[in-house]
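S.K.: Protein chains in written order, with this note's numbering: chain A, 1 to 253; chain B, 1 to 253; chain C, 1 to 253; chain D, 1 to 253.
Among the hints, a few may not be true.
Examples of chain C residues lying across from chain A (beta carbon under 7 Å, computed) [unchecked claim]:
| id | residue |
| --- | --- |
| 1 | Pro68 |
| 2 | Val71 |
| 3 | Arg76 |
| 4 | Asn77 |
| 5 | Met78 |
| 6 | Ala79 |
With the C-beta cut set under 7 Å, the calculated list includes, among others, these residues of chain B facing chain A [said to hold, decoys possible]:
| id | residue |
| --- | --- |
| 7 | Arg45 |
| 8 | Arg49 |
| 9 | Ala52 |
| 10 | Gln87 |
| 11 | Leu88 |
| 12 | Ala95 |
| 13 | Ala136 |
Rather than coming from a laboratory, the hints here were simulated on the basis of the structure. As the structure is a prediction and not an experimental result, all values here were calculated from the model. We treat Cβ as the ideally placed atom computed from N, Cα and C, and that holds for glycine.
There are 4 protein chains.
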Amino acid sequence: MSKTVDLNADVGESFGAWKMGNDAALMPFLTSANIACGFHAGDPRTIARTVALAVKHGVAIGAHPGLPDLVGFGRRNMAITEEEAYQLVLYQSGAMRAFAHAAGSRLHHVKAHGALYNMAASDPQLSRGIVRAVQALGDQVAIVVLSGSETERVAREAGLTVSCEVFADRRYQDNGLLVPRTDPRALITDEQESIDQVIAMVTQGSCISVSGRTISVRADTICLHGDQDGALVFAQALRAALARQSIAPRAFP
Amino acid sequence: MSKTVDLNADVGESFGAWKMGNDAALMPFLTSANIACGFHAGDPRTIARTVALAVKHGVAIGAHPGLPDLVGFGRRNMAITEEEAYQLVLYQSGAMRAFAHAAGSRLHHVKAHGALYNMAASDPQLSRGIVRAVQALGDQVAIVVLSGSETERVAREAGLTVSCEVFADRRYQDNGLLVPRTDPRALITDEQESIDQVIAMVTQGSCISVSGRTISVRADTICLHGDQDGALVFAQALRAALARQSIAPRAFP
Amino acid sequence: MSKTVDLNADVGESFGAWKMGNDAALMPFLTSANIACGFHAGDPRTIARTVALAVKHGVAIGAHPGLPDLVGFGRRNMAITEEEAYQLVLYQSGAMRAFAHAAGSRLHHVKAHGALYNMAASDPQLSRGIVRAVQALGDQVAIVVLSGSETERVAREAGLTVSCEVFADRRYQDNGLLVPRTDPRALITDEQESIDQVIAMVTQGSCISVSGRTISVRADTICLHGDQDGALVFAQALRAALARQSIAPRAFP
Amino acid sequence: MSKTVDLNADVGESFGAWKMGNDAALMPFLTSANIACGFHAGDPRTIARTVALAVKHGVAIGAHPGLPDLVGFGRRNMAITEEEAYQLVLYQSGAMRAFAHAAGSRLHHVKAHGALYNMAASDPQLSRGIVRAVQALGDQVAIVVLSGSETERVAREAGLTVSCEVFADRRYQDNGLLVPRTDPRALITDEQESIDQVIAMVTQGSCISVSGRTISVRADTICLHGDQDGALVFAQALRAALARQSIAPRAFP
Chain A
1 MSKTVDLNAD
11 VGESFGAWKM
21 GNDAALMPFL
31 TSANIACGFH
41 AGDPRTIART
51 VALAVKHGVA
61 IGAHPGLPDL
71 VGFGRRNMAI
81 TEEEAYQLVL
91 YQSGAMRAFA
101 HAAGSRLHHV
111 KAHGALYNMA
121 ASDPQLSRGI
131 VRAVQALGDQ
141 VAIVVLSGSE
151 TERVAREAGL
161 TVSCEVFADR
171 RYQDNGLLVP
181 RTDPRALITD
191 EQESIDQVIA
201 MVTQGSCISV
211 SGRTISVRAD
221 TICLHGDQDG
231 ALVFAQALRA
241 ALARQSIAPR
251 AFP
Chain B
1 MSKTVDLNAD
11 VGESFGAWKM
21 GNDAALMPFL
31 TSANIACGFH
41 AGDPRTIART
51 VALAVKHGVA
61 IGAHPGLPDL
71 VGFGRRNMAI
81 TEEEAYQLVL
91 YQSGAMRAFA
101 HAAGSRLHHV
111 KAHGALYNMA
121 ASDPQLSRGI
131 VRAVQALGDQ
141 VAIVVLSGSE
151 TERVAREAGL
161 TVSCEVFADR
171 RYQDNGLLVP
181 RTDPRALITD
191 EQESIDQVIA
201 MVTQGSCISV
211 SGRTISVRAD
221 TICLHGDQDG
231 ALVFAQALRA
241 ALARQSIAPR
251 AFP
Chain C
1 MSKTVDLNAD
11 VGESFGAWKM
21 GNDAALMPFL
31 TSANIACGFH
41 AGDPRTIART
51 VALAVKHGVA
61 IGAHPGLPDL
71 VGFGRRNMAI
81 TEEEAYQLVL
91 YQSGAMRAFA
101 HAAGSRLHHV
111 KAHGALYNMA
121 ASDPQLSRGI
131 VRAVQALGDQ
141 VAIVVLSGSE
151 TERVAREAGL
161 TVSCEVFADR
171 RYQDNGLLVP
181 RTDPRALITD
191 EQESIDQVIA
201 MVTQGSCISV
211 SGRTISVRAD
221 TICLHGDQDG
231 ALVFAQALRA
241 ALARQSIAPR
251 AFP
Chain D
1 MSKTVDLNAD
11 VGESFGAWKM
21 GNDAALMPFL
31 TSANIACGFH
41 AGDPRTIART
51 VALAVKHGVA
61 IGAHPGLPDL
71 VGFGRRNMAI
81 TEEEAYQLVL
91 YQSGAMRAFA
101 HAAGSRLHHV
111 KAHGALYNMA
121 ASDPQLSRGI
131 VRAVQALGDQ
141 VAIVVLSGSE
151 TERVAREAGL
161 TVSCEVFADR
171 RYQDNGLLVP
181 RTDPRALITD
191 EQESIDQVIA
201 MVTQGSCISV
211 SGRTISVRAD
221 TICLHGDQDG
231 ALVFAQALRA
241 ALARQSIAPR
251 AFP
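The following block holds chain A by itself, in its conformation from the complex (with noise of 0.2 Å):
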């Protein structure tokens, strides 16, 4: 049995006349693409701009809905009820949905965006409001939780496909969930250190926590980030390295 693995990344994110990140350049090494959906970044233009270049590069199409701030880009804490979180998720995922469908193809996951992802990473509630509305969607539209979150339970729980996502630049808690990023040791720069973690969350399941113990970490989907230096050159590398564990990128499931 051959390995795969998703490889995604946070697209679409320019808004009106301003540009962020070099989409075009980073969609071929995409196996799943989070596109923005208008309510912390993205507007209809860029959408439909966004989603023919999935199409183009065969890339699934996600909905990345987030929290209604465009100034703050969706990454300030905002208190919203369950209720709140359903609604928004739904209307964007909808919209995101009518934009795949018009180019042929369909809306293969959401991933919430931002503060969203991450108070809800932690939050029952908010996690329910947020798979509450992926199930309202139907269709087999999976969704993208992090790995060991709230999340990731709620989403098991309702029976949804559930896509579970590391990052290979990120070190873990033994509790299997991030190092925050306040803590100097939450982020992983030497390339090849990311990589190996990379490999052995693919391939075997787990991780070397910040503290040495070797902790269970589910790997569907590698989030990678598109709008850094060197961004390119890590996920073509990452991409080698995969290739030589004969794990093949696909889109999950």
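Position chains B, C and D relative to chain A; hints supplied.
M.R.: Showing chains B, C and D alone in chain A's frame:
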């Protein structure tokens, strides 16, 4: 053969903490509802509630996409391109469809709002943008157009299901278009005259223009207003008059 | 020496085509007005009209800046920094001041709105952001703060003119802060009890806490509500009660 | 008598996480800056940073108010009334002035942005709305207008301090207005031709129209572009050419 006519109204026009209209009282009189999609009015919570209300009363759910102008309520002309019209309508209608599906219903039609509707009525390019968006939605979603407008012409050429809208309280020019609001004769204020005009439109496919000529008008759907004093009284009187003519209220088509 | 007290209310909370409150009826009962600035409510036209109404009735003009959250009416907590609070308040208050000057008046005070006011009440950093913005405005612009809050403390340290706000219809804890709305005892619903509390606050600088203790409360300004049934009746009754105690309504300071 | 000319550019056009232009590099070449105010671009943080940059380089601070159209960058015509123009400009300029004052500077001028500037250039009513707003600001705030436009005429009638703007890289019609961008001759792409046109405008008050006639043009301020390749190189060349003619760059008036 029994006659039928659709009775529509613009609803879901509240926004956040601000209320507009009396949707709960108006909905029982309708057979189809044009629900604001968030660009000129409406927000995810308002959409969810309005869709639920429509489902409760068996009213067909329509998207009512508008220009991105909350402060101006989508009533100020904006110089948008065909492509922007396409993207605006696709985005908003896709979002609305997700709520319709989540409520166990379907998206029945799309009717452009305010300045978008009015600009497109005499602009083939904008009409094409709107029509292409409805085509992209597929699923036999119908389009509601001003009877006799460019939008009607473009929509028929494209093979869409077209529902022609007429107004009970507006007078018509010899060319079949509405007398502009700037003309003092634009509005019919007498209830009986309004009802007589509707009955003639539905039963004979014609009405008397402001200059006294008999002109052809196609009346698939009649637009009721919800935000004016006496709106409910008029809706009740109109339904009674239709009943006396054995015209059944029914969503078109 | 005759006593005076300021009577304030949040006004100008309409937005575009949406109306809220009954400012024209409430304004004659006020001595100062907190006018929404466009981030949580209000828009340039609404501001112009509300400022004109305040000037007509000789009511002092205040800026009522809120979080950038129209859909949530500025009532949802957001994780903003001190710097963002400073910039939000400066921006909105500067805009309001231009309208006050254009109407031949001046900007009298600033009172933060909703979640911004409430978060700052117990957060010295947010309070500092707001206070620094009012300092930057200069021109002896006063700040309205919750009596006993962190915002009061920070504002006094900064040497601002501080107006302490109390509520006629809210009960207080032993520490001088409001009983949270989640507590069933939070609201005073009896009109006479509300009036008695206000009279005690103004004349004795104290009130009876929810546990029965006499606590110090500084009452420079009393917050009236404009958006509830009976608001005008209560405002009238309160003004009559104040008159019987020879307490003159007057903008503070 | 030594000649002077103002060199202005539109800056502060970033928005939230999105960057636009290279203000830090351009600012040293300017004598006055038109700073976006938040409706078409800019946000409170961007305004604060841009104002600080202008103060650091001794550049006069201008408000650059635009239409409420972030997605369209204020470049799409909108049907607004004179009253709406007045209110939009007053609101945005008031906000900008607060930041200028907070930075120890003052609001030097107002220049309308994009579609608002262009629509007003041939529309006396919109021009009146803008002019009335600048009058209401008082404090000797100047207005920057297109040389020869309706806005210039209305502003002079109102007694405002008027700064006439010319473009180094645009050709002019016989009537003194710009050749529309739809005309292939609209843009001057040769650097020396641009510089020669500016020198003639400043020293002789005239330039050669596209049909070869010498026409009068008043050049109080020259608009530089910051968002194009070669912008800084051109700014440098222009300043050198002005220096050779003993024309000193200085904010007008």
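S.K.: Any CB of chain A closer than 7 Å to the CB of Gln87 of chain B?
M.R.: holds (4 Å)
S.K.: Just to be careful: measuring from the Cβ of Met78 of chain C to every Cβ in chain A, is the smallest value less than 7 Å?
M.R.: holds (5 Å)
S.K.: With a cut-off of 7 Å on the beta carbons, see whether Ala95 of chain B makes it to chain A.
M.R.: holds (4 Å)
S.K.: Double-check Val71 of chain C for me: the hint is only fine if its C-beta lies closer than 7 Å to a C-beta in chain A.
M.R.: holds (6 Å)
S.K.: Against chain A, is Asn77 of chain C within 7 Å by beta-carbon distance?
M.R.: holds (4 Å)
S.K.: Verify the interface restraint on Leu88 of chain B: the C-beta must sit less than 7 Å from at least one C-beta of chain A.
M.R.: holds (6 Å)
S.K.: Take the shortest C-beta to C-beta distance between Arg49 of chain B and chain A; is it under 7 Å?
M.R.: This hint is violated: Arg49 of chain B lies away from chain A, its Cβ roughly 10 Å from the closest one there, beyond 7 Å.
S.K.: Is the hint on Ala79 of chain C kept, meaning its closest Cβ partner in chain A is under 7 Å away?
M.R.: holds (4 Å)
S.K.: Given Arg45 of chain B as an interface hint, is its Cβ closer than 7 Å to any Cβ of chain A?
M.R.: holds (5 Å)
S.K.: So, Arg76 of chain C near chain A? Judge it on the closest CB pair being under 7 Å.
M.R.: holds (5 Å)
S.K.: Would you check whether Ala52 of chain B satisfies its interface hint, that is, whether its CB is within less than 7 Å of any CB in chain A?
M.R.: violated (12 Å)
S.K.: For the hint on Pro68 of chain C, does the least C-beta distance to chain A fall short of 7 Å?
M.R.: holds (6 Å)
Checked against the numbered hints above, the structure breaks hints 8 and 9 and satisfies the rest.
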